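Chains A and B are the protein sequences, given in the same order. Numbered as in my numbering, the first sequence ends at 308 without a single skipped number. Numbered as in my numbering, the second sequence ends at 566 without a single skipped number.
If you're looking for bench data, these hints aren't it; they were derived computationally from the structure. A hint or two may mislead.
What the hints assert, rightly or not - Label-pair ranges, simulated between beta-carbon atoms:
no., chain 1, residue 1, chain 2, residue 2, range
1, A, GLN136, B, ARG394, 48 to 58 Å
2, A, PRO75, B, SER343, 44 to 54 Å
3, A, ARG276, B, SER564, 46 to 56 Å
4, A, ALA201, B, VAL326, 33 to 43 Å
What the hints assert, rightly or not - Below, simulated EDC-like cross-link-like pairs (lysine to aspartate or glutamate); rule was C-alpha separation at most 16 Å, straight line:
no., chain 1, residue 1, chain 2, residue 2
5, B, LYS395, B, GLU443
6, A, LYS219, A, GLU266
7, A, LYS219, B, ASP523
8, B, LYS416, A, GLU77
9, A, LYS129, A, GLU206
10, A, LYS135, A, GLU77
As the list claims (entries may be wrong) - Computed list of chain A residues with no C-beta within reach of chain B, every gap over 10 Å:
no., residue
11, GLU19
12, LEU58
13, PRO92
14, GLY100
15, VAL140
16, LEU171
17, GLU177
18, GLU182
19, GLU189
20, GLU246
21, CYS248
22, ARG257
23, GLY258
24, GLU284
These figures come from a predicted structure and were not determined experimentally. Every residue gets a Cβ at the ideal spot worked out from N, C-alpha and C, and that includes glycine.
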Amino acid sequence: MTSLILSPSEQDFITRGVEKGFRADGRGSLDRREVTLRTNMISQANGSARCRIGHLGLGTDVLVGIKAEVNTWTPGEPESLGSIVCNVECSPSAAQEFEGRGAEDLNVELTQTLDRMFNGPQSGIDMAKLCIIPKQAYWVLHVDALVLDVKGGIVDALVWATRAALLSTKLPRVVVESIADEDGNLQSEFDVVDDAEDQVAIEGVENLPLSVTFNQIGKRFVIDASEQEEAVTQASLTVAVSPQLEICAVQKGGFLRGFPPSLLSEIMQTARRVARDEFAKFKELYETAASNQTGDEPSTGSTFLGAF
Amino acid sequence: MSGAVNDRRRINGPARSVEPIYTPTVLDSVAKGRSDGRGLDHMRPIYAKAGPISDAQTTASASGSAFYEQGSIRISCAVYGPRSARKPNARRAHFVCDFQYAPFACSKRSPTQSTDEHETSLWLSNTVGPAIRLEMYPKSSIDAYVTVIESDGKMATLAATINCISLALADAGIETYDTVAACSMGLRDSQWIVDCTHQENAECSVLVAYMPSVDEVTGVLQTGKTTLEVHEQGVQLCTNVCVRVYAVICRALQASVE
Numbered sequence: 001m002t003s004l005i006l007s008p009s010e011q012d013f014i015t016r017g018v019e020k021g022f023r024a025d026g027r028g029s030l031d032r033r034e035v036t037l038r039t040n041m042i043s044q045a046n047g048s049a050r051c052r053i054g055h056l057g058l059g060t061d062v063l064v065g066i067k068a069e070v071n072t073w074t075p076g077e078p079e080s081l082g083s084i085v086c087n088v089e090c091s092p093s094a095a096q097e098f099e100g101r102g103a104e105d106l107n108v109e110l111t112q113t114l115d116r117m118f119n120g121p122q123s124g125i126d127m128a129k130l131c132i133i134p135k136q137a138y139w140v141l142h143v144d145a146l147v148l149d150v151k152g153g154i155v156d157a158l159v160w161a162t163r164a165a166l167l168s169t170k171l172p173r174v175v176v177e178s179i180a181d182e183d184g185n186l187q188s189e190f191d192v193v194d195d196a197e198d199q200v201a202i203e204g205v206e207n208l209p210l211s212v213t214f215n216q217i218g219k220r221f222v223i224d225a226s227e228q229e230e231a232v233t234q235a236s237l238t239v240a241v242s243p244q245l246e247i248c249a250v251q252k253g254g255f256l257r258g259f260p261p262s263l264l265s266e267i268m269q270t271a272r273r274v275a276r277d278e279f280a281k282f283k284e285l286y287e288t289a290a291s292n293q294t295g296d297e298p299s300t301g302s303t304f305l306g307a308f
Numbered sequence: 309m310s311g312a313v314n315d316r317r318r319i320n321g322p323a324r325s326v327e328p329i330y331t332p333t334v335l336d337s338v339a340k341g342r343s344d345g346r347g348l349d350h351m352r353p354i355y356a357k358a359g360p361i362s363d364a365q366t367t368a369s370a371s372g373s374a375f376y377e378q379g380s381i382r383i384s385c386a387v388y389g390p391r392s393a394r395k396p397n398a399r400r401a402h403f404v405c406d407f408q409y410a411p412f413a414c415s416k417r418s419p420t421q422s423t424d425e426h427e428t429s430l431w432l433s434n435t436v437g438p439a440i441r442l443e444m445y446p447k448s449s450i451d452a453y454v455t456v457i458e459s460d461g462k463m464a465t466l467a468a469t470i471n472c473i474s475l476a477l478a479d480a481g482i483e484t485y486d487t488v489a490a491c492s493m494g495l496r497d498s499q500w501i502v503d504c505t506h507q508e509n510a511e512c513s514v515l516v517a518y519m520p521s522v523d524e525v526t527g528v529l530q531t532g533k534t535t536l537e538v539h540e541q542g543v544q545l546c547t548n549v550c551v552r553v554y555a556v557i558c559r560a561l562q563a564s565v566e
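Okay, chain B solo, but in the shape it has when bound (with noise of 0.2 Å):
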C-alpha cells in the first residue's frame, strides 16, 4: 500500500492509492499439471549473459556485470572490486551486496526500500560469500549491486539473484571457490514443485544455494512449516536442481568468453 509516504527525493503521487484488486485465480491442483504447463521439476527456461548488458558499453567502469532471465523474472547485477575498502587493516576482502527491487517490480508499487530489501542484502552476502576467496584480497571490498527490474515468485526471485550474483562474480574475475547455484522449491498438495511463480503460491517454500564442485550448501532458508522428513526431501530435491542450473550458468559465463 503507497499510504501516505512523503518522499522527499521524488514528486509524488497521490497521498493514497491502492492497488486494484483483481478476483485471485483458484489454481487446480498439482496433480493436473501447473499453470504453465511445466513438469513438477522443471525450471523456467532461463537466459543469462555475463558481461556487459548492451554495446554501447553503459556498464563499462563495472568490474563485472551480469543480466540473469528465468521466466518472467528479471536480474540485473554489477560487480564493483576489488577496490580499495575503508577499513585498511582487513586481512580478508569486506563483500557487500546491494539487493534492490526497481519501483514496478513487484506486483505492488514501493518507491522507496523496505526492510525486506535490507535483510535479504545481507542474506545474499551470507550465501555468496562462502563462495569467494576473500583472504585473496585483503585491505580491499567487493560490491555486487542487484537490481530486481521484474519479480515472479519471492524465493525464486531470490534463487535467481544468488545466480545472476555468480555470474557478475566470474565475469569480474573475482576468485571463488566455485559458483554458486540456487534455486527454490514449493510445497502445494504435499508436492515438492520447482521454481514456483507468484501465482503459484506455496505454503511452504525452501530454498537452496549449492556449490557443486565443493560439495557446499552455502545458503538454506526455509518459510513455512513442514515435518523434517518432508523438508529433508525437499532439500534433496533442491540440491539436484542446483546441479543442472549450475550447468547453465557455466554455459552463460563460456558463451561470454568466446
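Excised from the complex, chain A in its bound form (with noise of 0.2 Å):
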C-alpha cells in the first residue's frame, strides 16, 4: 500500500482513538464510507463500473472493465466450462511510487485476491453456461480493473466494482449449429450474433460475492479502513460473502501480527452480519446507476472525471 509516514503521535492517537470506538472522521468500527457506483460508462466494453468509497478528492476510485472474448479449446484444459481471467494494475496516477514497476508487488497481490473470490464456481457464476461449445470454444471474461486513486480499502473498492461490472455485463448472443458431415460425425459450429439489442447477462451474477475488509488496529478492528487508519493496522482480514451469506473466500494481510482464533470467530461473525447491510446498500446503488446512464448527463469526457 502507498506508504504514508506518521508520526509517533498521530499513530497514538489513532490507536487509541480505535480502542475507544472513536475514528478520526467520526465513523462508528463497522462503517464504510460513502459509496458511488457508475456503470457501463465504456462503450467498448462488454460491462464496466466504476466505484469510488469516500468523498469525492478523497476516496479509493477504481475502475473495472469486462471484456468477453471467445477461446479456443486446448487439451488440458476443463471441457465444457468458461473461464475468468482478473488483471488490476494500479495507475501512477494513484501515487507516485506506482510509476514504473513500483506496482507490481501490489497487482500481483490485488490480482490473486481477485481471482480467488471470482475465478470459479465460488463466485456464483455458472461456469457450464460461459461454454459455447464443449472441447471446442469458450467465453473467457477479462477483468480488468484500474485503480485510479487510493485512499485506504482497495480491495473492497475493487470487489464492488468488479461485482457491478459483472452485473451490467451483455454478452452477445451466440447461435450453435450441428451438422453431420460425410463420416456421420457431428460437427458444431457457432456464430455470434452481431446485434447491440439482441445481448445476455451473465447467468449466476446475482450471487457474486462482496467483500469486507476488516483492519487490526490496536485490540480492536475496523471496517473500512482510511488511508491513516491502515498505515496503523497490524494485520487484515478481507472476507467475501454471497448474496446467501455463504463464505466464499477469506485472506488474511499483514506481517505484522496474527489474530488469535476467538478474534478470528469474532470477525467471521461480524463479517456475515455487515454483508446483509452491504448487500441492500450495493442494491440500492447499483438500480441507481443504471438508470441514471440513460442520458440524462451529457456524454463528454468531461463528465466521466468530473461529476462522478
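Take the two lone chains, each set in its own frame, and fit them into one complex as the hints suggest.
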C-alpha cells in the first residue's frame, strides 16, 4: 500500500481512538464511507463499472472493464467450462510510487485476491453456461481493473466495482449449429450474433460475492480503513461473502501480527452480519447507477472525470 | 500449457507441446475411506530436517536451511540473514520470501515464474512475518528462499512451505515469538479431510497457520464457497491439527541440535 508516514503521536492517536470506538472521521468501527457507483460508461467493453469509496477527492477510485472473448479449447483445459481472468493494475496517478514497476507487488496481490474470489464456481457464476461448444470454444471474461486513486480499502472497492461490472455485462448471443459431416460425425459451429440489442446477461451474476476488509488496530478492528488507519494496521482480514451469506474467500494480510482464534471467529460472525447491510446498500446504488445511464448526463469526457 | 513461450535464457523445447491427457480417476466418496488409507484427520507422514542438507555443506553460506517432506511434497528452504538491507533507516527488519516451483514440481511443466508464485511469496511474508521479532534486527533484511521440488495438492504444499520456512528460520537462529505450524483441509462430501493430495481435489479448502505458544493465527486462506458454520468448523479442526504439526517441527529442531 502507499506508504503514508505518520508520526508516533498520530499513530498513537488513531490506535487509542479506535480502541475507544472513535475514528478520525467520526464513523463507527463498522461503518463504511460513502460509496459512489456508476456502470456502463465504457462503450467498447461488454460491461464496466466505476466505484469510489470515500467522498469526492479523497476516496479510493477503481474502474473495472469486462471484455468477453471467445477462446479455443486446448487439450488439458476443462472441457465444458468458461473462464474468468482477472487483472488489476494500479495507475501511477494513484501514487507516485506506482510508477514503472513500483506497483508490481501490489498488482499481483490484488489480482490474485480477485482471482480467488471470482474465478471459479465460488463466485456463483454458472461457468458451464459460459461454454459455447464443449472441447471447442468457450467464453473468457477478462476482468480488467484500473485503480485510479488509493485512499485505503482498495480490495473492497475492487470487489464492489467488479460485481457491478459483471452485473452490467451483456454478452452477445451465440447460435450453435450442429451439422453431420460425411462420416456421420456431428460437427458444431457457432456464430456470434452481431446485434447490439440481442445480448444476454451472464448467468448467476446475482450470486457474486462482496468483500469486507477488517483491519486490526490495537485490540479492536475496523471496517473500511482510511489511508491513515491502514498505516497503523497490524493485520487485516478480507472476507468475501455471497448474497446467500456463505463465505467465498478468506485472506489474511499484514505481516506484523496474527489474530487469536477467538478474534478470528468474532470477525467472521461480524462479516456475515455486515454483509447483509452491504448487499442492501449495493443493490440500491446499483439500481440508481443503472437508471442514471439513460442519457440524462451529457456524454462528454468531462463528465467521466468531473461529475463522478 | 507451454504454448509459444520464448524464454531467451534457456534452450527452448518445441513451440507447442501439451501434457498427455490421462483419464481422470474417479474417487470414491469419503465414507469409503481415502485412496491412501489415511484417516480423515491424518496428515501425511512428515520428515523434516534442519541444517545443511548434505555433508558437503552445499548450503553452508545460508544462515539456516531446512528440508521438509510431507508424503510426496518435497520442499527446500534457505534463509539468509540478518544481513544489511538497502534501506538504511528502517526500524524493523525487512522480511522477504521468495517462493519458486521447480519446473518439474507440478503436474504441468512451467519453466518461467507465474504470478501465482509471486503472490504466494508475498502471502508467505505476511504469514510467517508475524512470528519474527523484526524489531530486533533494524536496518537488516531476512530473506527466505523456498524451492518446491515436488508438489502434491496446492493448499497442502502451501502449508508445508510455511512449516519449512519456520524450520529454516529457527535453524538460522533468528529470534521468533514461536514456530509457525500450518496445515490445510479440504471439504469433500460435506466432510473436512486433512491434508488433501492433488488427486483428492476438494472444491473448498482452508489453510490455517498457527502459533500454538502465543495462540495466534498468523494466516488464514480459504478458497471455495461454504457456509460460516462449516468454515468455522474447518478452521477449528485445522488449528487442532496445527498443534500436532508443531510438535513434529519442534522434534525435528531438537534432533538437529543433538
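Status of each hint after checking the structure:
1. A:GLN136 x B:ARG394: 48 to 58 Å: 51 Å Cβ-Cβ, so the 48 to 58 Å window holds.
2. A:PRO75 x B:SER343: 44 to 54 Å: 25 Å, violated
3. A:ARG276 x B:SER564: 46 to 56 Å: 51 Å, holds
4. A:ALA201 x B:VAL326: 33 to 43 Å: The hint (33 to 43 Å, Cβ to Cβ) holds, given that ALA201 of chain A and VAL326 of chain B are roughly 34 Å apart.
5. B:LYS395 x B:GLU443: 14 Å, holds
6. A:LYS219 x A:GLU266: With Cα atoms ~13 Å apart, LYS219 of chain A and GLU266 of chain A stay inside 16 Å; holds.
7. A:LYS219 x B:ASP523: Measuring from Cα to Cα gives roughly 15 Å; hence the hint holds.
8. B:LYS416 x A:GLU77: 11 Å, holds
9. A:LYS129 x A:GLU206: Holds, at about 15 Å.
10. A:LYS135 x A:GLU77: Holds - the C-alpha atoms of GLU77 of chain A and LYS135 of chain A are around 9 Å apart, at most 16 Å.
11. GLU19: 19 Å, holds
12. LEU58: 27 Å, holds
13. PRO92: Check passes; 20 Å lies beyond 10 Å.
14. GLY100: Holds, since 17 Å exceeds 10 Å.
15. VAL140: Label holds. Min Cβ-Cβ 14 Å, cutoff 10 Å.
16. LEU171: 23 Å, holds
17. GLU177: Holds: least Cβ distance 27 Å, greater than 10 Å.
18. GLU182: Fine: 27 Å to the nearest Cβ keeps GLU182 of chain A off the interface.
19. GLU189: 24 Å, holds
20. GLU246: Per Cβ check, GLU246 of chain A is inside 10 Å of chain B; nearest 5 Å; violated.
21. CYS248: 5 Å, violated
22. ARG257: Label violated. Min Cβ-Cβ 5 Å, cutoff 10 Å.
23. GLY258: Non-interface label on GLY258 of chain A violated, nearest chain B Cβ at 4 Å vs cutoff 10 Å.
24. GLU284: 25 Å, holds
Of the hints listed earlier, those the structure fails to meet are numbers 2, 20, 21, 22 and 23, in rising order.
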